[in-house]
Every structure is written in structure tokens, then in C-alpha cells.
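Please construct the entire structure, taking both the sequences and the accompanying hints into account.
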Amino acid sequence: MNRIVKIGKKKRLSRLDRIYVLRIIEGLWGTFVRLWRKPFTQKYPEVKRHPLGGYRGLHRLNKDWQGRVKCVACYMCATVCPAKCIRIVAGEAPWEDRDKYPVEFEIDELRCIFCGFCEMACPENAINLTPIYEYSQYNRKDFLLDKEKLMEINEWWSLPQYSKEYIKKKEIEEAKSKSH
Amino acid sequence: MSETLIFLLIVFIKMIIVAFGLMIIFAFTTVWERKLAGFIQDRLGPNRIGPYGMFQVVADGLKMFLKEEVFPNRAHRALYLVAPVIFLTPALMIFAVIPFGDTIRLFGRDISLVVVPDINIGILFIFAFASLGIYGVITAGWASNNKFSLHAGLRSAAQLISYEVVLLLSALPPLMAAGSLNLSKVVEYQSGLYLGFLPRWNLLIMLPGAIIFFVAMLAELNRLPFDMVECEQELVAGVHLEYSSMKFAAFYMGEYMNMLTACMLFTCLFLGGWLYPGYHSLRADDPNLAAAIGIIVFGIKLCIMISFIIQLRWTLPRFRYDQLMNLCWKRLLPITLVWIFLVALGILLFKPAVSVIAAGL
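From first to last, the protein sequence lines are chains A and B. Residue 75 in the numbering used here is what sits at position 90 of the first sequence, and the numbering runs on without skipping anything. Take the position in the second sequence, starting the count at 1, then add 32; the result is the number in the numbering used here.
Among the hints, erroneous ones may be present.
[To be verified] Distance condition first, Cα-Cα at most 27 Å in a straight line; then the derived DSSO-like pairs of lysine-lysine: (1) A/K(-4) - B/K362; (2) B/K362 - A/K28; (3) A/K153 - A/K23; (4) A/K134 - A/K33; (5) B/K362 - A/K(-5).
[Unchecked claim] Here are the computed distance ranges between Cβ atoms for each label pair: (6) B/L369 - A/R(-12): 46 to 54 Å; (7) A/F25 - B/A91: 21 to 29 Å; (8) B/L380 - A/L20: 38 to 46 Å; (9) B/L111 - A/L20: 41 to 49 Å; (10) A/L13 - B/D150: 36 to 44 Å.
[Stated by the list, open to error] If you want a taste of the chain A side facing chain B, the calculated C-beta under 7 Å gives, among others: (11) G12; (12) L13; (13) T16; (14) L20; (15) R22; (16) P24; (17) F25; (18) Q27.
For the record, the hints were derived by calculation from the structure and aren't laboratory data. Just so we're clear, the structure is a prediction, and the values are computed from it rather than from any experiment. We treat Cβ as the ideally placed atom computed from N, Cα and C, and that holds for glycine.
Here it is as C-alpha cells:
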């Protein structure tokens, strides 16, 4: 391994480059072309972003076909949770098809690190991370989501501002208003 | 009313119109700079206030007003306060002699669209006042009791003085060709067409001189790529490091005013001012209409110049200080001297022929 590395030898600019002007014109052309490109900016508050699949946002508790909570209070999620943000109180299920159900199910969204382990650990596909990213509150208490709130999130997801169709419609409207 | 009084009144009215017009242009220039920066970087730029973010400047101004007035410890109070004024005033003074249109006829008298008409030392006046702005920079650096500010002030003073030489020398060829220091005469010299379609702007025959003038102009303005006054890596912020609130705004405004002046000067010297093809035939029919269109044409040329300077800012990396000085003294100055000689020779040999051809066309 006998390799010679030349250090400190600066490449001398060619005569053309040392005049600067031609290279500057080249650069100006570059920025001029950039001027006409479509901006990448997403106009967020007006147009909601649609996150890609696999985005880990707010939790939800899924319901079965009868509208009951799917969870069987097995404590898998609470055990695997690295932030220890899930609190479950199990109780005797009033239904025939299972023994236990969660009397209380509480997630502290401020402690949660959105790793998605609860979703992976769940044997019943009862807990999911939705792509909802707007859940800011004025109060720390409001971040403690109980069972009812977590089950409601199923309906939140169908809000029109999150659907792809809505975003497309908004974009078309905007293009129309711009052309006028 | 005596003639003198009427003359003074007209000058006063023109002064007010120009001052307010400049404030508005300055306001929109700052927004336009940010918008253009956004477009070049595939962003939108400010778009929250007003249509297309046009009134962003109102928010900026309000913010400046509401900022706290910080006064640095053990600074020289009087000089500290007066420095922004020294910087801003010459920038505003210069507009007195820049012609933005030809004469118009109103109420039975000819009114030339310069604040102070028929001033025979126009260019000298401009350079005299432009060089006064340097004192503002040095004073600000020295008075604010900060080593970084002082260093920035000295450095930019050296830069401005060096480039002033090149700027003045490269402004000479158009003046030599026109045979006058009066800017209106310089613009009028550029009227007419080459070969029936090319406007006789100085830019076309004096391109090298125009490029050198432009480079020196950028350096005088402290615009990128020569912004040695403002320099976060080496000098924290530059001479306005210790300035806050409206005192900082005065510096900011002075810079933009200088930019506007320089663009107008370049337009007058090299881009034919308010002239456009077909100007003289229109003027024979309706002088007022021709002059009005002339003002608009002047504005368009000014806009193009400003946009070009802003685009340059987002295109080029900044120069090192030694590179800056090398460029000035070792490259631009000799080239300019040779160029002046060549232009003088050209005028001596070809001017009669050119004027005959132009008269024939």
C-alpha cells in the first residue's frame, strides 16, 4: 500500500474561468430557470397535508362490527410501551365472546413517543396509529385520552379535510382562482 | 408671483412627489427581494399579509417601530445617534439630480422631470454625495463601542473608497461621448436607432465599461457578492451590530435607497433612461404622452435592474476580502483605464461619422 496523496495543490482555474463573466452568466441562467419552477411549498393551514402510509400519528381504538371495543385487555401494548404511557384497567366482559375488556383505557399523548410498538404488539388489531397529526390542545389534561375519546377517533379520520379528494378539489379551486 | 417663486414652488412639489414615490418604491423593493428570493429557492416568499404578501412591509415597519431601543454601554452618544442619518441623507440627496423623464408641458410652462433641472454638474453631485455615505459607515462602527463594528466599518470604508475610483472612472466613457455632465444630456445623447432597429443605448457600444460600472456599483452598494459590511462569519453582523429599532431601519433604508439610485444612474448612463424606440416621432405629436410613457419605460428599466441585482445576490457566493481588493486594484482599474483610452480614441475617430449616419437614419 504505497500510495502518494498530493495535498495542498490547488487546481488552477482556466483562463476562461478567471474572467468570471461567462461563468456568472451560466450561474444566472441557472437561477433564472429556477425562477419558473413550481414552488415546493405546501400551503398548510389552507390545504391539509395527506401523510404517506405508515405515518404514526394519534392513536385510535378500533371497534368491531357491533360497535363494541375490540380490545380484550391483554396488557400487551401497556407492557411493550417504552414510554409507559398506556394505562389499562381490565374488567369482566359483559359479552359472550371474550373474558375481559378494558373498563378504563387511557393514553397520555404527551408521554407517547409514537414508536408504534403497541400497534405491532396487539393480537386483536384493536389499537392503531392513525395519520392524524393535528391534535394540539390548550391544556395538559386534554392530552390524556380515555377510552371513549380514543374510540371516537374512528370518526375523526373520516373528516373531509383529511381526504385526498378534498385536497384535490382545493387545489383545483386554487388553480382556477389564480387563472382568473 | 415672481418667476423665481414659481420655480421654487415647482421644485418643492417635485421634491415631495419624488420623496413619497421613493418611499413606496423602497417598500416594495424589500418585499420584492424576499419574494424573488423565495421563487429562486422554489419557495413562495412572504404571502400572509395582503394579496401575494404585498403589504409585508407594513408588518416589517411596525415591528421595527415596536422594537426596544438598545443603547450600548459607553458608546459615543452623539455620533452613535447621528451615524444612521449621515448614512441615509446622502442616499436621499442624490435623487435631486436624477432625471426620470423628459420635459412635460403643464399649465403653459415646461416642467422637466428632474427635481433640480439643468444642473450642469449632475454626475459630480452624485458621486460627491455617494462618497459621503462612507462617513456614516465609519462613524457607526467607531461610535458604537464594539470592536467588531469598528473592524467592519474600517473594512467597508476601505472597500467603498477603492471601488469609488473604479466607479467614477467607468462612468466617464458615456459622459465623454455625450460631452456633458448633465444626466439629461447624457440620456438625450442615446436617442435614435442603429441600423433602424437597435436603440442607441450606451450599453451596446460600451458593454465592457457597463459591466465594470455594474460590478463597481455592486461593491459600492455593499450588495452581494461584495457585502463586506454585513458579514456574519467574521464580524458578527457588521456596522449595524449595535443598532436596533428605527436606527437599524435607517441603515436598511439607506442601503436600499443607494440601490435605487445606483440602478437609476445605470439606467441613465447605459440603458437610455426614459428613451424607447419611436420616442421622438411620438414626441412631435404629443409631448406629454411621450413623456408619460417615458416615465413608465424608465420604471420598467429600473425594475429590471433591481431584479437583476437581487438575482445576482442569490446566484453568486460572496468574495473574500483579499479577492475583492485584488479584483478592484489589479483587474478593474487597469481595464477601466485602457477602456477610457479606447473610447476616447473611438470618439475622436468615429463620432463625426456616427452622428452623420444617425442623422441620416
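Hints and how they fare:
1. The suggested pairing of A/K(-4) with B/K362 holds, with an alpha-carbon distance near 21 Å, which does not exceed 27 Å.
2. A threshold of 27 Å between alpha carbons decides the hint, and for B/K362 with A/K28 the separation of about 50 Å lies outside it, so the pair is violated.
3. Distance hint between A/K153 and A/K23 is fulfilled; the C-alpha atoms sit about 17 Å from each other, no more than 27 Å.
4. Restraint check: the Cα-Cα separation between A/K134 and A/K33 comes to about 23 Å, which is no more than 27 Å; the hinted pair holds.
5. For the hint pairing B/K362 with A/K(-5), the CA-to-CA distance comes to about 21 Å; that is within 27 Å, so the pair holds.
6. Take B/L369 and A/R(-12): their Cβ atoms lie about 50 Å apart, and the range 46 to 54 Å holds.
7. In this structure the hint that A/F25 and B/A91 lie 21 to 29 Å apart at CB holds, the actual value being about 24 Å.
8. A beta carbon spacing of about 44 Å between B/L380 and A/L20 agrees with the range 38 to 46 Å that was offered as a hint.
9. Taken as a hint, the range 41 to 49 Å holds for the pair B/L111 and A/L20, whose Cβ atoms sit roughly 43 Å apart.
10. Judged by the Cβ atoms, the range 36 to 44 Å given for A/L13 and B/D150 holds: they are separated by roughly 39 Å.
11. Taking 7 Å as the C-beta cut-off, the interface hint given for A/G12 holds, the closest approach to chain B being about 5 Å.
12. A distance limit of 7 Å between C-beta atoms decides the matter here; for A/L13 the minimum to chain B is near 5 Å, and the interface restraint holds.
13. The beta carbon of A/T16 is positioned within 7 Å of a beta carbon in chain B (closest approach about 5 Å), and the interface hint is therefore held.
14. The interface hint given for A/L20 holds, since its Cβ lies 5 Å from the closest Cβ of chain B, which is under the 7 Å cut-off.
15. For A/R22, the suggested interface contact is upheld, since its CB lies about 6 Å from the closest CB of chain B, less than 7 Å.
16. A hinted interface residue such as A/P24 counts as satisfied when its beta carbon comes closer than 7 Å to some beta carbon of chain B; here the least separation is about 5 Å, so the hint holds.
17. Below 7 Å, beta-carbon pairs count as interface contacts, and A/F25 has one with chain B at about 5 Å; its hint therefore holds.
18. Interface hint status for A/Q27: violated, as the beta-carbon distance to the closest one in chain B is roughly 10 Å, over 7 Å.
Checked against the numbered hints listed earlier, the structure breaks hints 2 and 18; every other hint is satisfied.
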